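Colleague: Here the protein sequences come in this chain order: A and B. Just so you know, the UniProt record's numbering puts the end of the first sequence at 197, numbered straight through with nothing missing. Just so you know, the UniProt record's numbering puts the end of the second sequence at 197, numbered straight through with nothing missing.
Don't read these hints as lab results, they were simulated from the structure. In this text, all values refer to a predicted model and were calculated from it rather than measured experimentally. Mixed in with the good hints there might be a few duds.
When chains are identical, the list treats them as one kind, so a pair holds in a single copy or across two.
[To be verified] For lysine-lysine, the following DSS-like pairs were computed, each having C-alpha atoms within a straight-line distance of at most 30 Å:
# : residue 1 : residue 2
1 : K165      : K79
2 : K52       : K160
3 : K7        : K79
4 : K41       : K26
5 : K79       : K160
6 : K7        : K41
There are 2 protein chains.
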Amino acid sequence: MFSPLIKELIESLRCLPGVGPRSAQKMALHLLERDFQGADKLADALREAVDKVGRCSSCRTLTEEAECQICQDPERDAKRLCIVETPADVVALEAAGSFGGRYFVLLGHLSPIDGIGPEELGLDRLETLVSHNEVEEVIIATNSTVEGEATSHYIAEKLKQMNVKVSRIAHGVPMGGELEYVDGNTLALALEGRKTL
Amino acid sequence: MFSPLIKELIESLRCLPGVGPRSAQKMALHLLERDFQGADKLADALREAVDKVGRCSSCRTLTEEAECQICQDPERDAKRLCIVETPADVVALEAAGSFGGRYFVLLGHLSPIDGIGPEELGLDRLETLVSHNEVEEVIIATNSTVEGEATSHYIAEKLKQMNVKVSRIAHGVPMGGELEYVDGNTLALALEGRKTL
Ligand SMILES: [Zn+2]
Ligand SMILES: [Zn+2]
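Use the sequences and the hints to build the structure in full.
Modeller: Okay, here's the thing in structure tokens:
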């Protein structure tokens, strides 16, 4: 009984994480009944982001520039490279403020069942990056979930063949927890207590 | 530390009901990392809806047509007019399937504190509609909340001066409940047990 465009909007909102049919309907009507300006702004922001945001050519994080701000920053220590799963992890680590090196963002973790292997995580580029640059230490900061640990193990084995120090972020982060929800102090401790693998 | 376009997207997602900074960030990254196609579809759907959806010239419900499907339908009984707060209420009543008349959608309820008075709810148009057409009965189906009851009372007083039968949907719907969440049977009973005001 909703008109076609409203139905389409409700259906499209379902792609948001945690949004079922009921909340999608609530969101669509809220936007059209009560927050037209917000809806207009969101439509623009989404279109802009979809059209322009891609991956940093160096660290693979999400950015609308060819290279992200961190990779462009000559002050960052290129000798240390921290590997994380998502851009949100970069944000969490930057907020902790104790790491001055660079990042490599996997945009996921190994998950054969979803077809995510080493190629999808850009591990060939990671190896090129490590072999061509003056990287002395790679700190693996994937989540301490089962998948994150497996991914860490895989990457560590690969890199240990390459004359580079490989360390794993300390388990100051609670087991089973996701990096982006850990507070800055714990993250700083976890970085400090990292162990050579 | 997110790029400007990603920050803007996160900020814009906050206009969705119940979405705080954390979920907005999760939604933005989900769309850009994992569901680009969904994000693209949502951007289109939102732009289309914002540009084209307006109000039905007759009943004020949300539609991209000049007149909504129900108002265009010659089979609907123009003698009975059901007043509801939102388009979602029309959907709920239609799903109950026991009403064959037409609707008038307030798109809200009286709320002086938010600057929503009779004009914002289109009550002048409602009076015109009732006086110019062959409406014999107006069924008020606003929510059984404090605001819905006050709105019902106000409308009933206005219309009773106009030689039209005014009834209120029966309180089969639980007090304090919102119409759109009530099951079809209860809604059917509530319509059936309506009392003349
Ligand atoms: Zn980068
Ligand atoms: Zn209509």
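Colleague: Checking K165 and K79: alpha-carbon separation at most 30 Å within a copy, between copies, both or neither?
Modeller: Only inside one copy: K165 and K79 sit 11 Å apart there, 82 Å across copies, limit 30 Å.
Colleague: Checking an output row: K7 and K41, CA cutoff 30 Å. Within, between, both or neither?
Modeller: Both ways: K7 and K41 sit 20 Å apart in one copy and 13 Å across, limit 30 Å.
Colleague: How would you label the pair K41, K26 (within, between, both, or neither) given a Cα cut-off of 30 Å?
Modeller: both (18 Å within a copy, 19 Å between copies)
Colleague: Using 30 Å as the alpha-carbon threshold, which applies to K7 and K79: within, between, both, or neither?
Modeller: between (53 Å within a copy, 29 Å between copies)
Colleague: When no copy is named, should K79 and K160 be tagged within, between, both, or neither for a Cα gap of at most 30 Å?
Modeller: within (16 Å within a copy, 82 Å between copies)
Colleague: Please work out whether the CA atoms of K52 and K160 approach to 30 Å or closer within one copy, between two copies, in both situations, or in neither?
Modeller: neither (36 Å within a copy, 58 Å between copies)
When each numbered hint is compared with the structure, a violation occurs for hint 2 only.
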